[in-house]
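> Line order of the protein sequences matches chains A and B. The first sequence begins at -5 in our numbering and counts up one residue at a time. The second sequence begins at -4 in our numbering and counts up one residue at a time.
There could be a bad hint or two in this list.
Straight-line alpha carbon distances no greater than 30 Å define the calculated DSBU-like cross-link-like pairs of lysine-lysine that follow [said to hold, decoys possible]:
1) B/K1 <-> B/K14
2) B/K128 <-> A/K39
3) B/K128 <-> B/K14
4) B/K128 <-> A/K46
5) B/K14 <-> A/K46
Calculated from the structure, these hints are not laboratory results.
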Amino acid sequence: MIELKNISITLNDNVILDDVTLSIEMGMNTIILGPSGAGKSSILKIILGLWKPDNGEIIFEGKNVCKMTDDEILQLRKKVGIVFQGNALFDSLTVAENILYFLPDKKKLSENEPKYKIEELLSFVNLSGTENLYPEELSGGMKKRVAIARALAFNPQVILFDEPTTGLDPINTESVLELIEKLKQNGTTSVIVTHILDDAIEVGDNFIVINEGKIVEAGSLEKILRSKNPFVKEFFKRFIEENHNPFIRISKEVNK
Amino acid sequence: MTRFQKMIFGLQEFSLLIKDIFAHFGSVKDNWTETIQEMYLIGTKSFFLIFLGGLFTGIILAIETGHQLETFGATAWIAKTVSLGMVRELGPVITGLLLAARTGAKNTSELGAMQLSEQIDALRAFGASPVEKLVIPRTIAALVMFLPLTLIADIVGILGGMLVSNQTFHSDISVFWNTAVTSLKMKDLFVGFLKPIFFGFFIATISCYFGLTTKGGTTGLGKNTINAVVYSSALILVIDFIFTKVVWELL
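Please work from the sequences and hints to get the whole structure.
Here is the structure:
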């Protein structure tokens, strides 16, 4: 379990997170929902140790991430992968080089091992044959899948997704969501930051709703939908309305 | 945060970056490919710019001093003036200023774009150090390449001055060359070749610092690129003054 206890962080006099406490169960897909600028992505950066909170602690495998040494942080980052919102692929490197760049202990691998590893990862994300392409030659959805393949190179226990489907067309969105489900079946824990309700509901097991740096609701979808919190009610309004609309509900069921 | 506090904070961050560079200098052996690539981009690709800069500086120096010395019938002094001027001052400073613009802008815009597109965060997230992967190769490339580039500017400048002096003031080429070479003492060469090492170090580190601290989208990137060039250029002039006034007197 990953636990965040009383996390607060302020950047340039702006409160980013205010006394945030949450827990992420292993082997499940946890969704962090909220509007833009609510502090969702900050949670991911804090979990990875990229940002240090002003107060509070992050517990991963019984250890406080804030008090970890540089070496311990490096070990943590081999267990926790991340897929950035903009993918963060290196423009000057090919798909294979982007994946290989972070492959741990490259020197210890035999001659053909990196090649097989790249083939295996690209096959997992349905991008076989794209090894020698550059990021600029890929579509948005393909870039996202390369970013996922890169995050998987370490065989991490946890993958953090920052807005994985934002800006993607429905087909690419579906393929990314399928990959997240596939990862769950393989036992990988996913933490998904998003503001897209449909996608969140499709893959989510647990939900955390955040607004203006504060957790406003957390739990299962049923618990969230029954929430009396005005912000949560407003945020889920469209989803609830659509599911009460027989045409939309039938259309969704037919599509499934 | 006030402007003064921001400046102090920036200086503190820059000092920490320099500390990090020294602490991880040995990591260069794991990043040879990047370092060689940077040497090519900073050094080889700057050759033509430095060649032109050095050549025209030497030519202008010879013409300007030649006209003044001609009135005293002392055109024989052109060689000594050009030689000492190029090796001690103008060669290193012109090379430094041109490279501050070219290399400084390149480093800041590259690293700044990487920062904005979360590539720097990606490096850190996957357990790699941006200082080891990006800053140290650029710093070492600058330290290694600035010296030969300055030497090229010096030689080309003296040759340019020699040709102009020959054509305009009818100086003998071999006499000019002999005077230019024999006027140079070890102290001149030492100071002239020590400067580019300091210039290279500060241009690389300042430009990388501004690149890594870029925020605020394309506007922020443009602002930081300008800052990198301005601060590097200003520091070159300050370091040059320190060398000319303090180091020269100490030697």
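> Take the hints in turn and mark each one as holding or not.
Cross-check of the supplied hints:
no. : hint             : in the structure
1   : B/K1 <-> B/K14   : 20 Å, holds
2   : B/K128 <-> A/K39 : 21 Å, holds
3   : B/K128 <-> B/K14 : 16 Å, holds
4   : B/K128 <-> A/K46 : 22 Å, holds
5   : B/K14 <-> A/K46  : 20 Å, holds
Hint compliance for this structure: every hint is met.
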